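A.B. asks: Could you put the whole structure together from the sequences, leaning on the hints where they help?
These protein sequence lines are chains A and B, in that order.
So for the first sequence, this note's numbering puts the first residue at 1; every next one is plus one.
So for the second sequence, this note's numbering puts the first residue at 1; every next one is plus one.
These are computed hints drawn from the structure, not numbers from a lab.
The model shown is predicted, which means the values in this text are computed figures rather than measured ones.
Please note: incorrect hints may appear among the correct ones.
Pulled a few chain B residues facing chain A out of the computed Cβ check, cut under 7 Å [unchecked claim]:
#1 ASN131
#2 THR135
#3 ILE175
Cross-link-like lysine-lysine pairs, in silico, DSSO-like; alpha carbons within 30 Å at most [to be verified]:
#4 A:LYS246 <-> B:LYS219
#5 B:LYS180 <-> A:LYS246
#6 A:LYS2 <-> B:LYS180
#7 A:LYS50 <-> B:LYS180
#8 B:LYS273 <-> A:LYS246
Glycine included, C-beta positions come from ideal geometry on N, C-alpha and C.
Single-letter residue listing:
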Amino acid sequence: MKILVAVKRVIDYNVRIRVLPDGSGVETDNVKMSMNPFDEIAVEEAIRLKEAGTASEVVAVSIGPARSQETIRTALAFGCDRGIHVQTEQPPEPLAVAKLLAGVVAAEEPGLVILGKQAIDDDSNQTGQMLAALLGWPQGTFASELVIGDGVFDVTREIDGGLETISINAPAIVTTDLRLNEPRYPSLPGIMKAKSKPIEAKTPADYSVDVAPRLETVTVAEPPPRPPGRMLESAAELVQILREEKGVL
Amino acid sequence: MAVLVVAETDGANLPRGTLATITAALAIDPEVDVLVLDEQGDEASEAASGIVGVRSVIKAGGPGLAGNLAENLAPAVAETARNYGYVLAPAGTWGKNLMPRVAAMLDVQQISDITEIVDGDTFIRPIYAGNALATVRSRDPVKVITVRGTAFAVAEAPGGSAAITDGPEVAAHDIARFVKRELSQSDRPELAAARIVISGGRGMGSGENFQLLDQLADKLGAAVGASRAAVDAGYVPNDFQVGQTGKVVAPELYIAVGISGAIQHLAGMKDSKVIVAINKDQEAPIFQVADYGLVGDLFKIVPEIADAL
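C.D. replies: Take a look at the structure:
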């Protein structure tokens with residue numbers, strides 16, 4: 001079985017983001033960029049399936065500006081076999097990404113596509129579900145466990161209030177939640193090998209997809225700051241304030 | 001343009017997120033219909049019909065309702081949506097799973113997790129874990145939107161008397177099958193709905209020590225949550241997690257105990273009305289968002305609070 005994993009280049013999760021003064025977005029110049037953490041989990045899961053002999057080939061796809069190739073290279077260092085980069089000027093919206101991925105799926109015919117449940121930049125949490133809809137495939141979203149059966153995937157999903165297990169037919173879409181696995185660090189030999197692995201260059205035109213945005217970002221702003229807090233001396237003082245001044249007890 | 005609210009249901013109890021989504025819908029347009037997709041839809045439909053402002057309740061039927069699978073529900077929602085200008089659902093895991101599938105079927109770019117409505121085309125939503133707020137304008141003919149439950153008040157009920165009509169027949173496709181659902185059992189209020197939330201972090205030191213928070217929570221009628229660090233350390237299950245990667249809460253009172261205040265945790269609780277932080281490290285970032293801070297040993301301070309109540 002061939003597995004496709006989708007990876008996105010985002011601002012590193014440890015970076016405190018800065019909103020641009022003109023409200024046009026968030027500062028990305030000279031900011032550390034990394035693979036979206038949920039996508040690292042997707043890559044790790046695919047590599048483990050390959051190591052277990054379940055997957056025959058793992059292909060990493062990224063969609064976005066030229067430097068998204070770095071993110072594909074990272075996926076190759078983890079152990080993915082080859083990459084596909086669909087180059088766009090701006091990071092496209094989830095619907096356009098899903099349409100492009102559907103084009104890649106049509107060409108590659110994987111048995112399983114694994115994606116992060118959301119990218120930590122726009123926090124949309126849409127692409128996997130949209131891809132499943134476009135392909136007419138089942139979806140195992142927010143997966144914390146994935147068991148591969150004969151033409152069937154059993155997916156344990158993290159839902160509000162607990163866990164849910166569903167059984168879905170191959171081919172299918174799975175999106176990762178945090179507890180699916182703990183991604184490894186790429187090894188030095190892995191990084192060296194990644195340099196010679198192929199990355200295919202594609203454009204949206206190759207898949208006849210219109211990536212023009214549907215949403216217009218009017219402005220991006222800082223959230224309103226909270227008023228400065230007060231340090232208190234004792235538990236008794238806290239209880240008194242909460243009860244008498246704030247009326248929340 | 002009329003609004004269709006796709007309701008997450010739990011028998012006769014409509015979850016808080018659904019009630020908040022109805023409030024958001026009424027802020028967009030007074031014509032609000034509620035679609036109930038529940039195998040036992042009678043109770044939920046009755047509950048929805050009692051909500052003030054709801055025009056009508058559409059009760060779906062058919063074998064595809066069993067198991068709540070997006071593969072079955074999405075086509076029925078998309079079909080119903082064609083008569084509406086807006087389709088709204090709560091942004092819990094249920095809505096997050098279902099709505100993008102609906103949006104793609106309608107060829108619409110969904111707007112996720114809105115916290116504010118500017119006008120009929122323009123919405124505010126948090127990005128970067130709430131560290132920035134994006135105002136976005138949509139020109140899609142049908143706007144598919146998920147709503148952050150904590151950002152809108154709960155719709156008023158009872159008092160309404162909407163008619164209940166039979167809606168779409170939901171077919172069962174065999175590409176996906178429901179196996180089981182394991183919900184955590186607790187006598188305490190749900191994290192997302194609680195008026196008071198007490199959360200513990202890595203500073204709790206162990207799962208057993210969470211009993212300290214349980215005792216305080218019992219006194220206050222509070223829910224107990226946790227930071228990602230406490231979950232990763234194995235102290236408590238993942239459904240306790242408050243944060244960008246867990247639940248987003250905005251209670252009247254949030255008490256953070258032994259939580260340093262990583263960006264991802266703050267994203268899940270910083271809209272709480274009153275925030276109290278208890279931490280031994282006075283430099284902990286949690287104090288920057290706290291209204292009241294106590295620096296010291298949580299194992300001493302938490303019992304003192306319980307005693308002072």
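A.B. asks: Next, verify each hint and record whether it holds.
C.D. replies: How the hints compare with the structure:
Interface restraint check: ASN131 of chain B against chain A, minimum CB-CB distance 5 Å, threshold 7 Å, status holds. Because the closest C-beta pair between THR135 of chain B and chain A is about 4 Å apart, less than 7 Å, the hint holds. The criterion of a C-beta within 7 Å of any C-beta in chain A is met by ILE175 of chain B, whose closest approach is roughly 4 Å, and the hint holds. With a C-alpha separation of about 18 Å, the suggested pairing of LYS246 of chain A with LYS219 of chain B holds against the 30 Å cut-off.
For the hint pairing LYS180 of chain B with LYS246 of chain A, the CA-to-CA distance comes to about 43 Å; that exceeds 30 Å, so the pair is violated. Among the hinted pairs, LYS2 of chain A with LYS180 of chain B is consistent with the structure: their alpha-carbon atoms are about 28 Å apart, no more than 30 Å. For the hint linking LYS50 of chain A to LYS180 of chain B, the alpha-carbon distance of about 28 Å falls within 30 Å, and the restraint holds. Between LYS273 of chain B and LYS246 of chain A the alpha-carbon distance is near 10 Å, which keeps this suggested pair within the 30 Å criterion.
Going down the numbered hints, you'll see the structure goes against just number 5.
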